[in-house]
Amino acid sequence: ELSDKDDHLYFWFPLLAGLSELSFDPRPEIRKRALQILFDTLRNYGHIFSLPLWERVFESVLFRIFDYVRQAVDPSGEGGDGEVAEFGQDSWLYETCTMSLELIVDLFINFYSTVNPLLKKVLMLLVSFIKRPHQSLAGIGIAAFVRLITNAGDLLSDDKWLDVASSLKEATVSTLPDFSFIFDGTSSIRSNAESVSGQGHGESPLSPMSPLSPSSEPDHDPESLRTQQFYAAVSDLKCRVAVQLLLIQAMMEIYTTYRAQIDTKNACVLVDALHAVATHAHKINTNVQLCSKIQELGSLMQMQDPPLLRLENEAYQMCLTLLQNLMLDQPQNFKEEEIESHLVNLCQEVLEFYIKASSGRLMTEPTLGSRPQGRIPLSSRRRRELSARAPLIVATLEAIRSLGETSFKKHLTKFFPLLTALIGCEHGSKDVQVALSEMLDEVLGPALMRSC
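Once you know that position 20 of the sequence shown is 20 in UniProt numbering, the rest is easy, because the numbers rise by one and skip nothing.
To be clear, the hints were calculated from the coordinates, so they are not data collected in a lab.
Careful: at least some of the hints might be erroneous.
Listed below are the simulated DSS-like cross-link pairs for lysine-lysine, each with C-alpha atoms no more than 27 Å apart in a straight line [unchecked claim]:
1. Lys414 <-> Lys356
2. Lys409 <-> Lys335
3. Lys335 <-> Lys410
4. Lys414 <-> Lys430
5. Lys335 <-> Lys131
6. Lys32 <-> Lys169
7. Lys410 <-> Lys265
8. Lys160 <-> Lys120
9. Lys283 <-> Lys131
10. Lys283 <-> Lys335
Label pairs and their computed distance ranges (CB to CB) [claimed, not checked]:
11. Ile37 <-> Glu338: 49 to 59 Å
12. Glu438 <-> Glu55: 55 to 65 Å
13. Asp184 <-> Glu398: 38 to 48 Å
14. Asp67 <-> Ser113: 23 to 33 Å
15. Lys293 <-> Glu21: 16 to 26 Å
16. Glu95 <-> Arg310: 25 to 35 Å
17. Gln289 <-> Glu21: 52 to 62 Å
18. Ser174 <-> Glu95: 22 to 32 Å
Don't be surprised by glycine CBs; every beta carbon is placed ideally from N, CA and C.
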């Protein structure tokens with residue numbers, strides 16, 4: 001006779017494990033029905049499950065579904081049984097992942113009072129999908145992450161919010177685009193790729209590479225193998241860029257929805273993650289040798305010039321937004337001097353980058369006896385870049401204006417050389433000149449007059 005309720009409930013486990021096993025059945029109707037019954041059972045009877053049983057269900061039943069997915073989707077692209085079979089398997093995996101993640105999120109929200117200690121494990125599962133070198137899998141991981149937090153945000157403590165912010169930071173830092181492969185024998189790759197450029201360019205929904213990758217029959221020719229590796233690296237690169245843009249949107253959506261619940265510490269974790277994205281993208285965008293190589297490769301890369309300008313702008317823009325909101329809201333654990341310093345340094349960094357992009361040299365303070373340097377007209381490429389950077393510069397100038405007169409005067413030694421340098425810059429958009437004029441009229445001019 002069983003005297004312990006938990007022991008009795010463990011009789012559920014063989015049923016649930018069996019249904020999980022059937023979700024891998026080669027027959028589509030069996031797979032679909034097994035998943036439906038599995039989640040219906042958990043939804044209808046989960047209220048009588050204890051935390052230990054839920055923990056076992058998550059570890060050995062639900063997460064096991066995704067272990068199978070990780071094995072089935074081979075990043076190398078090898079082991080396929082033909083395009084039709086591969087497409088069918090990919091479609092099933094995508095459908096299974098999407099449905100299962102949505103249902104797991106719903107279960108977690110419905111039984112949050114019991115299963116909340118498992119939040120970190122669920123977040124780890126979602127982050128593992130976001131890190132995948134498949135844009136579709138990463139995309140459904142991000143969608144499930146947003147779905148979970150936007151529905152459970154009101155229930156999260158500060159410690160749980162720290163888990164959320166840290167998971168987003170981990171996902172962001174782990175998916176920084178890697179351009180190191182660009183310099184690995186690309187001249188031979190270009191000539192070899194051009195010889196096969198007539199091949200098709202379709203790909204299956206979850207394919208991590210183009211058809212010029214090792215997804216076709218093995219080719220042991222060194223040059224062909226190098227070309228295949230190059231295309232695989234390009235595909236991974238573009239996947240990472242797309243995932244980073246999705247992550248920025250996800251962070252913005254979560255932060256906008258729960259701005260009042262996110263304390264200073266957790267907001268700063270998000271700022272750190274975004275700043276890592278922005279500075280990495282800027283490093284790539286200002287690497288002249290790398291950008292020239294990308295343009296030389298042309299159609300093999302199909303990337304804009306600079307390649308990560310949108311990513312850089314969006315990451316910096318959200319950094320500014322978060323820091324400005326912290327100054328305005330002053331949430332729990334707010335330290336005004338520390339956050340103000342972060343905001344001022346960020347504004348200084350953004351303006352210096354813009355001035356360098358406009359003038360083609362590092363911004364330095366004017367010295368006595370120095371002569372004005374001749375101005376070189378902007379190229380069309382540089383003008384397009386400055387035009388794309390203009391909204392961020394306008395937002396940065398507005399952030400400086402929002403500091404108030406006291407803080408502005410305190411940091412005047414940092415801002416004055418930047419503002420005077422901006423006056424002498426050529427701009428891709430008149431919006432920067434308008435914002436700068438307003439800054440001079442409303443903030444800098446009065447501050448200087450009152451200092452006299």
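Return holds or violated for the Cβ distance of Ser174 and Glu95 against the range 22 to 32 Å.
Roughly 26 Å apart at Cβ, these two residues keep to the hinted range, so it holds.
Take the C-alpha atoms of Lys283 and Lys131, compute the straight-line distance between them, and say whether it is at most 27 Å.
22 Å, holds
Hey, Lys414 versus Lys430, does the alpha-carbon distance stay inside 27 Å?
24 Å, holds
Within 27 Å, alpha carbon to alpha carbon, are Lys335 and Lys410?
17 Å, holds
If you draw a straight line from the CA of Lys410 to the CA of Lys265, is it 27 Å or shorter?
Status holds; Cα separation ~25 Å.
Sort out whether Lys120 lies within 27 Å of Lys160, counting only the CA atoms.
Holds: Lys160 and Lys120 sit about 8 Å apart, inside 27 Å.
What's the verdict on Lys414 and Lys356, does the C-alpha distance respect the 27 Å limit or exceed it?
16 Å, holds
Looking only at beta-carbon atoms, does the pair Glu95, Arg310 fall within the given range of 25 to 35 Å?
Holds, at about 31 Å.
Proposed proximity, Lys131 with Lys335 (alpha carbon, max 27 Å)
34 Å, violated
Taking the CB of Glu438 and the CB of Glu55, does the distance hold inside 55 to 65 Å?
58 Å, holds
Indicate whether the distance between the beta carbons of Lys293 and Glu21 respects the range 16 to 26 Å.
Given about 50 Å between the Cβ atoms, the range is violated.
So does Ile37 sit 49 to 59 Å from Glu338, Cβ to Cβ?
Roughly 53 Å apart at Cβ, these two residues keep to the hinted range, so it holds.
Hints 5, 6, 10, 15 from the list above are not met by this structure, while the remaining hints are.
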